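K.L.:
One line per chain: the protein sequences are A and B, in this order. Residue 1 is where the first sequence starts when you use the numbering used here, and the numbers rise one by one after that. Residue 1001 is where the second sequence starts when you use the numbering used here, and the numbers rise one by one after that.
Be careful, since some hints might not be right.
Stated by the list, open to error - Computed list of lysine-lysine pairs in DSS-like fashion (alpha-carbon distance at most 30 Å, straight line):
#1 B:K1207 x A:K60
#2 B:K1146 x A:K60
#3 A:K146 x B:K1064
#4 A:K64 x B:K1207
#5 A:K329 x A:K227
Said to hold, decoys possible - If you want the footprint, here are the derived chain A segments under chain B, 3+ residues with CB under 8 Å:
#6 94-103
#7 133-139
#8 224-236
#9 258-266
Bear in mind the hints are in silico, worked out from the structure with no lab data behind them. Since this is a predicted model, take the numbers as computed values, not measurements. The beta carbon of each residue, even a glycine, is placed where N, CA and C say it ideally should be.
Protein chains: 2
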Amino acid sequence: MSANENRRIVLASRPEGEPKPEHFRLEKTAIPTPKDGEVLLRNLWMSLDPYMRGRMSAAKSYAKPVEIGEPMVAGTVSEVVKSNRPEYVPGDIVFSYTGWMDYAVSNGSDLRKLDPKQAPVQTALGVLGMPGMTAYLGMRNIGMPKEGETVVVAAASGPVGSFVGQYAKLKGCRVVGIAGGADKCKYLLDELGFDAAIDHRDPEMPKKLTAACPKGIDVYFENVGGKVFDAVFPLLNQFARVPVCGIIAHYNDVTPPPGPDRTGMLLGGILRRSLTMRGFIVWDFAAQSGDFYREAGQWLREGRIKYREDIVTGLENAPEAFMGLLKGKNFGKLLVKIA
Amino acid sequence: MSANENRRIVLASRPEGEPKPEHFRLEKTAIPTPKDGEVLLRNLWMSLDPYMRGRMSAAKSYAKPVEIGEPMVAGTVSEVVKSNRPEYVPGDIVFSYTGWMDYAVSNGSDLRKLDPKQAPVQTALGVLGMPGMTAYLGMRNIGMPKEGETVVVAAASGPVGSFVGQYAKLKGCRVVGIAGGADKCKYLLDELGFDAAIDHRDPEMPKKLTAACPKGIDVYFENVGGKVFDAVFPLLNQFARVPVCGIIAHYNDVTPPPGPDRTGMLLGGILRRSLTMRGFIVWDFAAQSGDFYREAGQWLREGRIKYREDIVTGLENAPEAFMGLLKGKNFGKLLVKIA
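So here's chain A without its partners, still in its complex pose (with noise of 0.2 Å):
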């Protein structure tokens, strides 16, 4: 990278289906340079996370997708460099959404500081940031679990199931992880203390769900859909409660699968069993950030909830690793790290 550099990777085309090599393009510019009231940021690191697909489409949604041509979203942990802002200083580090690139201008609105001694700056992206945030606030307001039920959450070794799994264990739950691998699996009975572990490869996987779950399911949090979906639905008991976070396995879906057309049974199993099944993005709770920073991160200092990482080197990376977060391939939080 030369001196006056700054590289930025952009929607190169809309994919239908798999996003493949030929749909990024990385972009070369000069280093914007601050104006008043502005701050210049270094990206250190980068998250990559599913809803980046949903961006890429210009489907109608929660949020703007990505114009071609625009940088792909992300948000990012940066460290000022130069600073027309008084409350900022070079060094400082902040949490931003500034996206794939190694440099970015900011009026300060949407900065948040960090404090390196409070946890690394990194897990602002991961468990005390958005995907940790996402479990807590799915849980506490729609999962809503009690001492004794089960709890089943997919993509388990992941930056929200993993912490939706050990947000559940505190609350005296019993927790069925689902990932996919036998490492995985591994690591979610010996070391975030799951009392199953299921591998969705494994063509048992409904019939291990269920002996997994002698006394039902109370709170699926849905994160995957597919065939993961398929085996639990039948599982739920009378009141059971599904936050709907995300369907991974269907993001890349260009048209739906043949039939039966089950919405009828879908209705029918809401109806019959007194379900709740209930979509949120993160923001519909932002009042309650609060209480998640401050719960979440004595829970991290105590160790009472852990975290793993999966670290990508190098922006130029970012395309290939965030195809691969598509098919399962990272294990732990998927973190690009920048510089």
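We have chain A; now place chain B onto it with these hints.
P.N.:
Leaving out everything else, chain B in the frame of chain A:
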């Protein structure tokens, strides 16, 4: 009917799909004799409701199925003819779940005394009974309509739907009712004061629903399913609520309809628009029944809630009337006048 004859209609066999006359059997027995602590009831009115289709099936549900050879269940309004209990005297009018029969005995634990001066006694089966309470509690706890919001309800001229729509009008909402045929639609507009009425038999129903909901849909009270749900779902706004109360369009389904399978699309919609879909039965909110009786009773006396009855005479005509109910042939609360 001879002097000591008690007719009752039992489940002769379980229907696959649509119930037919052969699934019911009229039997004659002796009028039962009340023992110590029991009362003898003569049924005056019997309610016919869609939920009874579910009880005819052996499938797991919130209530036990009716056994083959046992009388069909129903809410009834009865006259006490003999009483071995101090709190009842002959001539008292009571609500109970005796079933499809002329006479029944009760130990009193399942009876609720009715005051004929307050309202016509058969309203205990409709606007002031389970259907009205279902509408009231579903809207109060799940639909939660706010002033200015758009509320859509199907089967809107029925006892649940008409209460749902009128409840929403009382809360200041725009109310769109869906019903089968011009007469029912006219009733929604002229008698109940709905803002729009749409005939679900109209091939342009989805287009007309879209036009009737220029600001989208905030609450959809689901008691139908099928093509009405399909038309409603794309119109649901961010944070819309869907109390799932019934899916009459599916009760006779033998196999799910052909594909594509839209489960993933449904989950995607729930996720992207932060929708809440929640199934319930009226007893989920039993603790609030006192509020219903008080508030709905007052609304009825003040003429703020209207209702319509569809009366069939003779217990022997109940099976045909019930089969018609599942096809939407009734217009208003379907009642059987027994004596």
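K.L.:
State for each hint whether it applies.
P.N.:
Now for the hints, and whether the structure bears them out:
1. B:K1207 x A:K60: Holds - the C-alpha atoms of K60 (chain A) and K1207 (chain B) are around 20 Å apart, at most 30 Å.
2. B:K1146 x A:K60: Given that 30 Å is the threshold and the Cα spacing comes to 25 Å, the pair holds.
3. A:K146 x B:K1064: holds, 27 Å
4. A:K64 x B:K1207: holds, 26 Å
5. A:K329 x A:K227: holds, 18 Å
6. 94-103: violated (count 0)
7. 133-139: Not satisfied, violated; 0 residues make the cut.
8. 224-236: holds (count 4)
9. 258-266: Satisfied; 9 residues make the cut.
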